[in-house]
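Visitor: Sequence:
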Amino acid sequence: MIILSHPNIWVEFIKNKGKLTPSQSYRRIFNIVHNSNNVFAYNHHWNEYYLSYLSDAEDDEIDYVDVFNNIIVELNYNDKLVFENHSPLSSNQEFKNCFDLSIQIQFLLLNSQPLSDHINEDNSVLILDNIHKPNRHWIYYSILNSNKSQQQSVDYRDFISDTEIQNFIKCILNLKNPKSNRVFIQSDYLNYGDIFEKIKGKRIAYCSSEYNGGHLKNNNQLQTEKNSIKTYFGNNSTYRISSNKRLLHPRAVFYNDIIIYLDHDYPQISIANSNWRISFHYCIETFNEKISLINSYRSV
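Sequential numbering from 0 applies to the sequence shown in numbering that gives the first Met the number 0.
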């Protein structure tokens, strides 16, 4: 993921670097920085804006400017910097505009909330101080902290309403500057439940089995199912099927290198039930493996 980090991220990181008991924010920043999936947007014309924050944080023990410059050199050496072509920054508003206008930056990362009151609810903005499971800040941190072996999960105990569950799914499937806007949903059954209510109208590829029990579905059945999908998800949706029995009974959603697994049928993911779990992680390799399987499905 490509991240634009506010200067207060680096102030917090440098302030706690080397401490025996660093802050929770430091540990989260450390995890994000050292996740091989993440890179940081930067431009040397931004130096003055960043250094103004770092200079204000100077104390007798730490040279924040010097440590920050070394961090930038190290990130660049490890291919963890990407160039963002934006004019020099001189204010928080210009910093936010850089994020809003960028066609490559996917997350805005802040330690606290210095920009504006409404930024807390902006898409793909992660404020570390505002993380609380399972809100959007927790979701964004979980994505930036995850990899093939590090998955995050929620279950029925983390929500108080079906609307919260719907918003949770919508938040994961509505990131800034995705590689593709298409969402792939796998299920052998056309029982959608309510969890996808807030993503209707998106480019949905619904991927299912060509079998009904032990028999192949006929063309009339397939067309009826296709119409059902378009009625629920909208005209941007498509229907794909597979006769490969090794792919039976999946319950998964794929989007923008993110893989979501659900351990129960979609209608069972609700407050009324107390035995389900949703897990998810960001992994380009796993995503490509899943899409390779999806490409073996045929369109109806």
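Heads up, a few of these hints could be off.
[As the list claims (entries may be wrong)] In silico lysine-lysine, DSS-like type, Cα no more than 25 Å apart, as pairs:
id, residue 1, residue 2
1, LYS289, LYS169
2, LYS225, LYS244
3, LYS199, LYS244
4, LYS197, LYS216
Hints were generated in silico from the structure; no laboratory data involved.
Visitor: Hint numbers the structure violates, sorted upward?
Guide: 3, 4
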